[in-house]
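**Q** Each chain, letter by letter, is given below.
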Amino acid sequence: MSHKYMKVERIDHGTVIDHILPSRAFDVLRVLGLSNDKTMSILVNSHSKKGGKKDILKFEDVELSAEEANLVALVSPQATINIIVGGKVVKKFNAEAPKVVRGIMTCSNPNCISNQNEPITTEFKLSPDEGHRYVCTYCDRDIIDLAKRIGK
Amino acid sequence: MRHVISVHDLTVDAIIDVLDRAEGMLATARGEAVNDCLKGKVLGSIFFEPSTRTRLSFETAMNRLGGGVIGFAGTEATSVVKGETLADTIRMVSGYADAIVLRHPREGAAKLATEFSDVPVINAGDGAGQHPTQTLLDLFTIRQQMGRLEGLNISLVGDLRYGRTVHSLAFALSKFGNTINLVSPEGLEMPGEVVEHLEESGQFGVACHTPEEVISTTDILYVTRIQKERFPDPVEYKKVAGKYLIDPALVAQGPDNMIVMHPLPRINEITPDVDAMPQAKYFIQAANGVPVRMALLSMVIGGV
Chain F
1 MSHKYMKVER IDHGTVIDHI LPSRAFDVLR VLGLSNDKTM SILVNSHSKK
51 GGKKDILKFE DVELSAEEAN LVALVSPQAT INIIVGGKVV KKFNAEAPKV
101 VRGIMTCSNP NCISNQNEPI TTEFKLSPDE GHRYVCTYCD RDIIDLAKRI
151 GK
Chain G
1001 MRHVISVHDL TVDAIIDVLD RAEGMLATAR GEAVNDCLKG KVLGSIFFEP
1051 STRTRLSFET AMNRLGGGVI GFAGTEATSV VKGETLADTI RMVSGYADAI
1101 VLRHPREGAA KLATEFSDVP VINAGDGAGQ HPTQTLLDLF TIRQQMGRLE
1151 GLNISLVGDL RYGRTVHSLA FALSKFGNTI NLVSPEGLEM PGEVVEHLEE
1201 SGQFGVACHT PEEVISTTDI LYVTRIQKER FPDPVEYKKV AGKYLIDPAL
1251 VAQGPDNMIV MHPLPRINEI TPDVDAMPQA KYFIQAANGV PVRMALLSMV
1301 IGGV
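Note that the protein sequences, when read in sequence, are chains F and G.
Per my numbering, residue 1 is the first one in the first sequence, and the count goes up by one each step.
Per my numbering, residue 1001 is the first one in the second sequence, and the count goes up by one each step.
Heads up, some of the hints might be wrong.
To be verified - Derived pair list, reagent style DSSO-like, types lysine-lysine, alpha-carbon separation capped at 30 angstroms:
id	chain 1	residue 1	chain 2	residue 2
1	F	K125	F	K88
2	G	K1039	F	K99
3	F	K125	F	K99
4	F	K38	F	K88
5	F	K125	G	K1082
6	F	K148	F	K88
What the hints assert, rightly or not - Short, incomplete list of chain G residues facing chain F, as computed with Cβ under 7 angstroms:
id	residue
7	G1071
8	A1073
9	A1077
10	V1081
11	K1082
12	R1106
13	E1107
14	G1108
15	L1112
16	T1114
As the list claims (entries may be wrong) - Pulled a few chain F residues facing chain G out of the computed Cβ check, cut under 8 angstroms:
id	residue
17	G51
18	I104
19	S108
20	C112
21	Q116
22	C136
23	T137
Worth flagging that the hints you see were computed from the coordinates, not collected in a lab.
What you are looking at is a predicted structure, and each value in this text was computed from that prediction instead of being measured.
Just so you know, even glycine gets a beta-carbon here, dropped at the ideal spot from N, CA and C.
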């Protein structure tokens, strides 16, 4: 038996973030910090044609900038960004992990000076080696459990 | 050189430059010669945590070079107890002094200080983070005693997990090409990233649990304190500490030219009867804090 139906409707104008790691859609939302007056669809643990599972996010009437899109890579490095205009994909690109992240994350080291009441903006740099590691500019430690350190 | 925050920021050439200048300061450090290159300059010495050697040797260094020192040791009599931020304290002191020496219990404090200070900042230890001037005086002592900084077999002994001096020293020694052995109790082993770095740079010797296993091939026995508070069970602490006791019998098993170093304070880990042995260099090491810090102060304040 084969059913042809859409779990989530297609959109005419906006952004679709595809190939998000399974169960990471809510982390992506947190990273983007988008206002909640826009219509959005969230598909969690959806079947992926490439095998396994993935999450998908659709935002109506929102076109993500490249800078915003790259923030997605913080929590889901393989995600693809599709910009939709007139029902068609007019731009498609992969999220690219930002080299420096300022302000939106907190350090996982509780003894780091950046976790005190000091007038500074947190800053993390992507380590040049492989492994998607971000290092705190202040205490020089790797950030642990990165998704949980965002938006706090 | 503007700020001195981490040994990671220092190139081999910069390290050698500091050590050479420190060597030139030895006579002045001992009071045998006069050098007033920092006359009229003021050092802000702000210590949020206890310190004996680091604070006193910085103050001695500044005085030996003709400068003056202001500051505090402990925050009881300062506005910090009223909730003043470190940023504001630094801004204020940088208006009074020509350089700031900072010790603080939080990692990254010295880096933060550089953002709010108009004058050079020297990190005198930030939490479990960096203590670059200790590393420089360790290197100075090694070169002074062994005649070189490369091709040495160095055994780091004791609490390698929490001891910040051994982390920085391991990184610094690896810039020169050495063999580094890691001797620690179970649970207090060197953190993974330091071991990885030593392995990748081909300078990892052996990791073991007793100094006897490496003593016969060791050129430098670098001992650190095993802190009682790391052990929930005092009986277990006594048992472990006993295995790491450096006494004359153990020292005698090392090569003739082996030296024993310790960043101090030592509690029980080196017995007092080792002090008189020619291998014991830890008090010379502590004294070397003065010429090394004189060199650094003259570089960051005097611009020489």
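**Q** Of the hints stated earlier, which fail here?
**A** Hint check: 1, 2, 5, 6, 7, 8, 9, 10, 11, 16, 17, 18, 19 fail, others pass.
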